[in-house]
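There are 2 protein chains.
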Amino acid sequence: MNNFVISGVKMLKPSGEVEIANIFVSGDKISKITRGEVTHDHIIDGKNKFATPGLVNAHTHASMTLLRSYSDDKSLMDWLQKDIWPIEDKMTRKDIYCGAALAAVEMIRGGTTAFADMYGPCMEEVAKIVDESGLRGSLSQGLISFADGDKKLASNVELYKNFHGAADGRIQIMLGPHAIYTCPPDYLKKVVVEAEKLGAEVHMHMNETKTEIDDCLKNYGKRPFEVVAETGLLDCGMLAAHCVYLSDEEIEIISKKNVRVAHNPGSNMKLASGIAPVTKLLAKNVTVALGTDGASSNNNLDMLEEMRLAALLAKVDTLNPLAVPAAQAIQMATENGAKALNLANVGRLEEGYKADIVLWDMSSVEWQPNYNPASLLVYSANSAAADTVIVDGKILMQGRELKTLDEEKIIAEFTACAERLTKN
Amino acid sequence: MNNFVISGVKMLKPSGEVEIANIFVSGDKISKITRGEVTHDHIIDGKNKFATPGLVNAHTHASMTLLRSYSDDKSLMDWLQKDIWPIEDKMTRKDIYCGAALAAVEMIRGGTTAFADMYGPCMEEVAKIVDESGLRGSLSQGLISFADGDKKLASNVELYKNFHGAADGRIQIMLGPHAIYTCPPDYLKKVVVEAEKLGAEVHMHMNETKTEIDDCLKNYGKRPFEVVAETGLLDCGMLAAHCVYLSDEEIEIISKKNVRVAHNPGSNMKLASGIAPVTKLLAKNVTVALGTDGASSNNNLDMLEEMRLAALLAKVDTLNPLAVPAAQAIQMATENGAKALNLANVGRLEEGYKADIVLWDMSSVEWQPNYNPASLLVYSANSAAADTVIVDGKILMQGRELKTLDEEKIIAEFTACAERLTKN
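Chains A and B supply the protein sequences, listed in that same order. Under our numbering, residues 1 to 424 are what the first sequence spells out, in order. Under our numbering, residues 1001 to 1424 are what the second sequence spells out, in order.
Derived by calculation from the structure, the hints in this document are not laboratory data. None of these values were measured; they are calculated from a predicted model. Among the hints, a few may not be true.
Derived coverage of chain A by chain B (criterion: at least 3 residues anywhere in the stretch with Cβ under 8 angstroms from a Cβ of chain B; other residues may be distant) [as the list claims (entries may be wrong)]:
| hint | segment |
| --- | --- |
| 1 | 67-77 |
| 2 | 119-132 |
| 3 | 148-160 |
| 4 | 176-190 |
| 5 | 321-327 |
| 6 | 411-420 |
Don't be surprised by glycine CBs; every beta carbon is placed ideally from N, CA and C.
Use the sequences and the hints to build the structure in full.
Dropping the structure here:
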């Protein structure tokens, strides 16, 4: 059983304050937090480290690492239709596994401990790497009504039955209706039926682009959240990715139905989608988490960068330098992320919480001087500062060395997949 | 004399294309670029590296590293008046040196080879660290008309006389009228007289905030570039930092007077200043370079991040995913930076150009797969990928090991300065 203490570490408290503490880990939990001297058989020296809860990537498509840098600086439809979809059509079970495996390495190396993934088919391959890596994964199959929509839904249901709660509860399964423009209301109602039977939550792209809103108004005379609300889908519990274009009425719906929002500033900027009204959502006490989206539209799975972008973009968008301060950006990436994924007792450094912890190395120049570690993490550090990553009390990386995954082998297999996929 | 070849390296050509080449360095120059096999007594293996021109930080205040994370997430005036200025008033000659020394370490570690710095007094201390580090620095003293404005101008002139062209030409001196709101037209005219006598160029903050424009209109009935143009200052050759709020007429003036713009997306976002009209400026063939601004408003000197922000912010601002593609962001940070600092034969990997070169290590996961190194550098990598940094043919860092500076000593002395400055 895991049993160690991180001693004398600058720790981010749930209040956003920082204090020096000793964090005791026992089994999968933070068993105790103390101040002052400490003795223990297994000590991880926390000197010059900053302890935060593990980062939660609340929206990604892990296996899309295979398409990183394959098609950039293009219009959305050129990108998707000409470059991305034809390659995705060629992806095999092995590709899904290898893409997600590389993503797992990248996430651990960047301090991410949990992620919400929507992709597929073959999401059981992603479940496999979640199991092997020690990460937490909330997985869903992307459901599109045309091209065997019912079969896909059945496959997502099967995934739920086989994997929900697996790997000591580190694997959770959601249903993944892709978006309003790929899932008409009748299909969404089928998803609701299955979700209710299982008690499953849903993960869906919502209100990402202006075109999506315009098309929805044209087709249904209503905006996406209004259409979706009528299907009953929001009552299942929804993790809604993007939420860039929202009317005030839709923000009311989101707030009332307790929809959790995954804000993806990097992807929204790179694809020129727009700027999500984050401060408005936060003002309505909506749970706003952060996601990277897939590596093909970001182009990485770096949650530190996403925190920085969230903090910077909110300020320039509202012309208010006080919008989304550093501690709030970290909260979005940790505690709010855990809520977004519906993970119980995850996302805070507090007694009784799961031991999902990152130790950031503060020795490099961009951490000097060290007046405010939270500020430094968000505004100055880069993800190479992630030194030690712990999930469920298990050490996945220490001193930048991976403990659960064979990085060299993963890169080699991944590279072979990418080369096969993209050769003419 | 430096004499080596970087063999078999993926090289960014001035066209934006990437090809595998051998880069021969002889003395301070790129003497030859070849393809195919190579033999030489001194080979740097370029395998799995990406060679770009050195990054140019076109606007910073290096010694402000001392104030990194000291005051964040505050309104501009609270930040400046309550926190920053009182500490700056206490800065000694030693502080200026130690702050700039830490900045030099950080810049080299992030692939920056040249920077335009405005700060002071005691800019000769910054010149000293430019000399010692091997970097290029275009230095100016920040001139403010009140509180001994004439004395400051005399000191900047003295700096020019003593240091312009020093360190084999790596040190250049500019005059640094701070901004229109700190330098009324009569004072600017005095700067013009001195600049003309010396043949010096000027480095100035321009049109950074909405308040600055409003105040200028109120005081002078004209916008900042119109007021400044009338003083003759633009005819000296100007590096203008920020340029967030520009009228079409001002963009015309900038274009006509060949003003070079230092775009600071990170600072403009963090301080909620606004979004500079970068694509409009580029469309008018204005030289737009990139800068970090001081570490107190960024919070680092990471030019890779600035490239990414420039590329992402332009897209979301114009809702055009084709705005500022990756290769253009790199060009802004390299060739345009060199033009902004008026550095002859700097900023391109081309025969006859100065050997200011960065080799980026492409072995880590966020560089996989490697379809497009330029895209990966801008959208996926972090600055820890800077492996080798060369300026004027001299190696300043290799394999992440600094060759000219004692990092440990610099951090220790810097930390002592910061502690003294901020203790009550």
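Hints versus structure:
{"no.": "1", "hint": "67-77", "in the structure": "holds (count 8)"}
{"no.": "2", "hint": "119-132", "in the structure": "violated (count 0)"}
{"no.": "3", "hint": "148-160", "in the structure": "violated (count 0)"}
{"no.": "4", "hint": "176-190", "in the structure": "violated (count 0)"}
{"no.": "5", "hint": "321-327", "in the structure": "holds (count 5)"}
{"no.": "6", "hint": "411-420", "in the structure": "holds (count 5)"}
This entry does not satisfy hints 2, 3, 4, going by the numbered hints stated previously.
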